[in-house]
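From just these sequences and the hints, can you work out the full model?
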Amino acid sequence: MRAPHRPRLAAVAVAVLALASILALPVTEAAAQARGGTLKMSYPEPTHLNPAIVSGTPTGIPGVQLFAGLVLHDDKFQPQPYLAERWTISPDGRTYTFHLVKNATFHDGKPITSEDVKFSIETVKANHPFGVAMHRALEAVETPNPSTVVFRMSHPNPSFMSVVAPILLPVLPKHVYGTGDDIKKHPANQKPVGSGPFKFVEWQPGRHLILERFDKFFKPGRPYLDRVIFEYITDPAARLAAIETGAIHLLPYNYVGVGNLKRVEQLAHLGVTTKGYEAIGPLFWLEINLRKKELSDVRVRQALNHALDKQLILKDIFLGYGKVADGPLVSASPFYNPKIRRYEYSLDKANKLLDEAGYKRGADGTRFKLVLDFIPGTADTQSVGEYIREQAKKVGIDMTLRASPDFPTWAGRMGRWEFDLSLDAVFNWPDPVVGVERTYISSNIKQAVWTNVMGYNNPKVDELFAQAQREQTLEKRRAIYHQVQDVLTAELPIIWLSEIGYTTVWNKDYDGIPTNIWGTMSPFDTVHWKKAK
Amino acid sequence: MGLGSFVGRRALGACLLVLGAIVLNFLLIHLAPGDPALMLAGEAGGTSEEALRKIRADFGLDQPLAVQLLVYMGRLARADLGFSYFYNRPVLALIADRVPQTLLLALTALTVAWVVGVGFGVLVARKPASLGGNALAVVSLLGYAMPVFWTAIMLLLLFAVKLPWFPTHGMVTVGGTGGTLAQALDVGHHLVLPAVSLSIIFVALYSRLTRASMLEALASDFIRTARSKGVPESRVLLKHALRNALLPVVTVAGIQLGQVLAGTILVETVFSWPGMGRLAYESILRRDYPLLLGILLFSSVAVVVFNLVTDVFYGVLDPRIRHR
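Protein sequences appear in the order of chains L and S.
Numbering-wise (my numbering), the first sequence opens with residue 1 and increments by one.
Numbering-wise (my numbering), the second sequence opens with residue 1 and increments by one.
Keep in mind that the hints were calculated from the coordinates and are not lab data.
Please read these numbers as outputs of a predicted model, since none were measured by experiment.
Where hints are given, some of them may not hold.
Stated by the list, open to error - Simulated crosslink set (DSS-like; lysine-lysine; CA at most 25 angstroms straight-line):
| no. | chain 1 | residue 1 | chain 2 | residue 2 |
| --- | --- | --- | --- | --- |
| 1 | L | LYS219 | L | LYS110 |
| 2 | L | LYS191 | L | LYS110 |
| 3 | L | LYS262 | L | LYS508 |
| 4 | L | LYS216 | L | LYS184 |
| 5 | S | LYS54 | L | LYS185 |
| 6 | S | LYS54 | L | LYS184 |
| 7 | L | LYS446 | S | LYS54 |
| 8 | L | LYS262 | S | LYS162 |
| 9 | S | LYS162 | L | LYS125 |
| 10 | L | LYS508 | S | LYS54 |
What the hints assert, rightly or not - Across the chosen pairs, the derived CB separations fall in these ranges:
| no. | chain 1 | residue 1 | chain 2 | residue 2 | range |
| --- | --- | --- | --- | --- | --- |
| 11 | S | LEU27 | L | GLN483 | 38 to 44 angstroms |
| 12 | L | THR105 | S | VAL187 | 53 to 59 angstroms |
| 13 | S | MET146 | L | ASP364 | 55 to 61 angstroms |
| 14 | S | LYS54 | L | LYS531 | 55 to 61 angstroms |
| 15 | S | LEU31 | L | GLY358 | 39 to 45 angstroms |
| 16 | S | ALA93 | L | THR179 | 43 to 49 angstroms |
| 17 | S | VAL7 | L | PRO236 | 26 to 32 angstroms |
| 18 | L | THR105 | S | LEU31 | 22 to 28 angstroms |
| 19 | L | ALA126 | S | LEU285 | 46 to 52 angstroms |
| 20 | L | ASP364 | S | VAL67 | 46 to 52 angstroms |
| 21 | S | LEU70 | L | ASP355 | 37 to 43 angstroms |
Virtual Cβ for every residue (Gly too), placed ideally from N, Cα, C.
Listed below in structure tokens is the structure:
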């Protein structure tokens with residue numbers, strides 16, 4: 001039996017206390033926080049405001065303000081009460097029972113019931129890009145009474161607690177979204193009726209989105225802010241100017257621009273943190289098309305890994321924000337294997353491996369040619385590409401850097417497998433079931449970007465990933481994922497380069513900006529304007 | 001040829017031009033690499049092949065290009081510009097929402113440019129070889145040579161950050177309150193930097209144009225006559241020379257009304273001004289074909305209409321043109 005989530009009052013109280021301290025708000029002070037203020041932030045504009053049917057931060061950040069989920073997580077990946085005040089997991093790990101807080105209502109005043117939770121998870125399973133991966137094991141949802149919802153699984157499903165946070169399970173009102181229309185085109189996606197701390201006021205495309213405090217939010221006294229406003233500022237120089245002058249107050253996910261961070265850190269009124277990206281687990285890596293003859297040889301891939309000084313990439317190009325990555329899991333993950341095989345920077349070893357693979361240097365010193373693509377949009381990525389090209393030249397690989405004018409062009413090349421190597425950024429998400437296995441399992445070799453576009457096929461890896469989905473204890477799962485990491489770092493279907501050091505920049509007139517594992521994809525009900533009276 | 005048939009012939013030509021522009025816009029956009037379905041899938045965070053197929057079918061992207069073109073033309077004939085892939089809202093509404101802001105920005109910038117540019121031109125033409133004249137000539141050349149986005153960013157850094165006199169972005173203070181007057185002042189406050197950025201290049205253009213045609217006019221016989229009659233110099237400059245020198249400036253200004261969109265793209269992007277230019281730029285990045293086609297159609301029509309008006313205006317002014 002898994003002990004931590006038994007519905008004991010003391011345990012709940014401890015959890016609440018823990019949550020409050022994690023959110024940097026001592027309980028006594030929290031009760032006395034003054035209300036008021038408007039938090040203005042800038043972030044890319046979403047296509048719509050329904051996080052149940054898309055992933056991604058543009059919908060996610062406003063989405064979790066609008067919609068509540070069953071649990072939140074602290075900064076140790078541990079679930080904390082939210083819309084669910086307590087929960088139990090059956091000893092066989094196949095039944096999850098959640099008890100919802102009483103008196104919670106949607107923004108239109110109707111009560112939030114277990115029926116809405118059932119509808120929401122079914123909508124996610126059928127429509128969200130990770131829907132099937134997250135809820136493969138989900139067999140049935142039962143609603144014995146309005147405040148109890150029971151999920152029955154076909155097998156133990158230990159990743160479940162990490163996918164019922166608001167970003168992955170936003171609780172939608174069934175009476176609004178369940179009208180039988182195609183949910184992807186539902187008018188409420190543009191004008192949502194939510195369950196979260198802030199309600200929708202107005203969205204003017206290309207200009208701004210205004211959210212306002214929901215006075216009947218189920219957490220007493222929250223939220224503190226009157227309004228949260230998203231302004232769509234497309235030009236990076238203008239964004240920097242806006243946060244510098246105090247016109248906006250929050251720029252998450254490096255939206256301030258990595259090159260501007262040093263300047264921002266010198267401004268006394270701005271805070272910078274790298275916390276709050278643990279659940280996203282963003283990795284920057286070099287994807288390898290294993291269908292290419294030279295690249296199908298593991299020695300060539302190992303040579304490439306030896307030829308790259310990842311420390312230099314991190315220090316000189318990413319200006320020290322982030323960490324060196326040598327494997328498929330970010331180091332903050334509870335499943336991270338610290339003893340994975342690493343390939344130290346050594347041009348000698350790289351040259352030796354390439355010689356062994358039988359690719360001798362020609363008269364001009366070249367062994368073979370490769371084309372390197374990169375995900376467009378940031379100057380840093382191109383710089384990494386240029387660095388890799390120069391390093392490849394040192395070991396006799398003639399590499400051409402191929403720019404894509406925009407994201408669709410690049411995504412098209414990846415989706416059609418028309419690449420040799422490509423720089424890419426992919427998120428781990430809080431559990432490997434959601435964000436890691438999709439890159440490596442053979443059933444996900446698809447003609448679509450962010451799948452197993454490398455064509456990596458190892459039945460052993462498939463089996464390990466499948467097994468880890470069902471093991472109940474953290475220890476057993478960890479052991480399996482450690483094995484996966486050993487195999488993958490030996491075979492190198494990908495050369496991992498760095499854990500992206502995303503930063504959140506905020507104006508210090510505000511505190512309580514969430515820094516749990518979900519960071520700014522958590523509700524802002526904790527955010528408080530210091531000048532509020 | 002009568003004026004009526006002249007106008008009719010030109011109007012017919014204009015219609016054919018618009019039709020050609022529609023087909024050309026459509027082909028150009030669909031020839032650009034990049035697949036909107038993949039883009040949308042990317043927005044959604046990666047997806048399956050089945051989902052991609054469904055997106056393509058939903059938007060008719062699985063049809064041959066010729067069929068897509070015919071469907072598009074058919075819809076246009078019913079004044080249906082389609083739905084934006086990205087916003088999932090009618091294209092016509094999205095464009096209509098942006099036109100007033102771009103007109104406000106463009107007309108303000110052009111008016112400023114016109115007044116300041118012509119003023120500069122006259123001043124310089126008065127004493128072209130003087131120190132002041134040369135300085136103005138150099139300044140206007142600089143203004144013409146500076147890229148719009150660079151000027152815009154410099155103005156932003158200087159007058160919104162270093163000297164925080166003006167707001168950094170947008171057209172209104174979002175969530176601001178106040179009466180109509182306060183709101184109008186707010187918009188005016190936001191308008192200054194974008195309008196100045198956009199006008200600088202036109203100031204340079206008009207001042208050089210005015211200077212050249214002023215010098216030409218000042219060298220004419222009627223100016224010498226006026227001066228020898230003892231007409232005061234200021235009157236010679238403004239009444240006699242400037243009126244004649246203005247014709248080419250008016251022509252250029254008319255044509256530029258239709259083309260100002262190109263300049264607004266950069267300025268609107270730097271200052272997050274919610275106009276057509278920024279909408280165009282963003283719809284390119286998002287491969288939002290219906291929206292982009294709508295904007296291109298709108299701007300093609302604008303250029304053709306302004307040219308038509310200029311043409312007809314000439315025909316009225318100078319009947320000889322009608323027979324060419």
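Verification of the hints:
1. L:LYS219 with L:LYS110: holds (16 angstroms)
2. L:LYS191 with L:LYS110: holds (17 angstroms)
3. L:LYS262 with L:LYS508: holds (17 angstroms)
4. L:LYS216 with L:LYS184: violated (28 angstroms)
5. S:LYS54 with L:LYS185: holds (13 angstroms)
6. S:LYS54 with L:LYS184: Since the Cα atoms of LYS54 (chain S) and LYS184 (chain L) sit roughly 12 angstroms apart, the hinted pair holds (cutoff 25 angstroms).
7. L:LYS446 with S:LYS54: Distance ~16 angstroms between LYS446 (chain L) and LYS54 (chain S) Cα, so the pair holds.
8. L:LYS262 with S:LYS162: holds (18 angstroms)
9. S:LYS162 with L:LYS125: This hinted pair is violated, its Cα atoms lying about 51 angstroms apart.
10. L:LYS508 with S:LYS54: Since the Cα atoms of LYS508 (chain L) and LYS54 (chain S) sit roughly 46 angstroms apart, the hinted pair is violated (cutoff 25 angstroms).
11. S:LEU27 with L:GLN483: 38 to 44 angstroms: violated (54 angstroms)
12. L:THR105 with S:VAL187: 53 to 59 angstroms: For VAL187 (chain S) against THR105 (chain L), whose Cβ atoms are near 38 angstroms apart, the range 53 to 59 angstroms is violated.
13. S:MET146 with L:ASP364: 55 to 61 angstroms: 45 angstroms Cβ-Cβ, so the 55 to 61 angstroms window is violated.
14. S:LYS54 with L:LYS531: 55 to 61 angstroms: Given a distance of about 49 angstroms, which is not inside 55 to 61 angstroms, the answer is violated.
15. S:LEU31 with L:GLY358: 39 to 45 angstroms: Holds, since LEU31 (chain S) and GLY358 (chain L) (Cβ atoms, about 42 angstroms apart) stay within the stated range.
16. S:ALA93 with L:THR179: 43 to 49 angstroms: 23 angstroms Cβ-Cβ, so the 43 to 49 angstroms window is violated.
17. S:VAL7 with L:PRO236: 26 to 32 angstroms: Violated - the Cβ-Cβ distance for VAL7 (chain S) and PRO236 (chain L), about 49 angstroms, lies outside 26 to 32 angstroms.
18. L:THR105 with S:LEU31: 22 to 28 angstroms: Distance hint for THR105 (chain L), LEU31 (chain S) is violated at roughly 52 angstroms.
19. L:ALA126 with S:LEU285: 46 to 52 angstroms: Given a distance of about 30 angstroms, which is not inside 46 to 52 angstroms, the answer is violated.
20. L:ASP364 with S:VAL67: 46 to 52 angstroms: The hinted range 46 to 52 angstroms holds for ASP364 (chain L) and VAL67 (chain S), with Cβ atoms some 50 angstroms apart.
21. S:LEU70 with L:ASP355: 37 to 43 angstroms: violated (60 angstroms)
Checked against the numbered hints listed earlier, the structure breaks hints 4, 9, 10, 11, 12, 13, 14, 16, 17, 18, 19 and 21; every other hint is satisfied.
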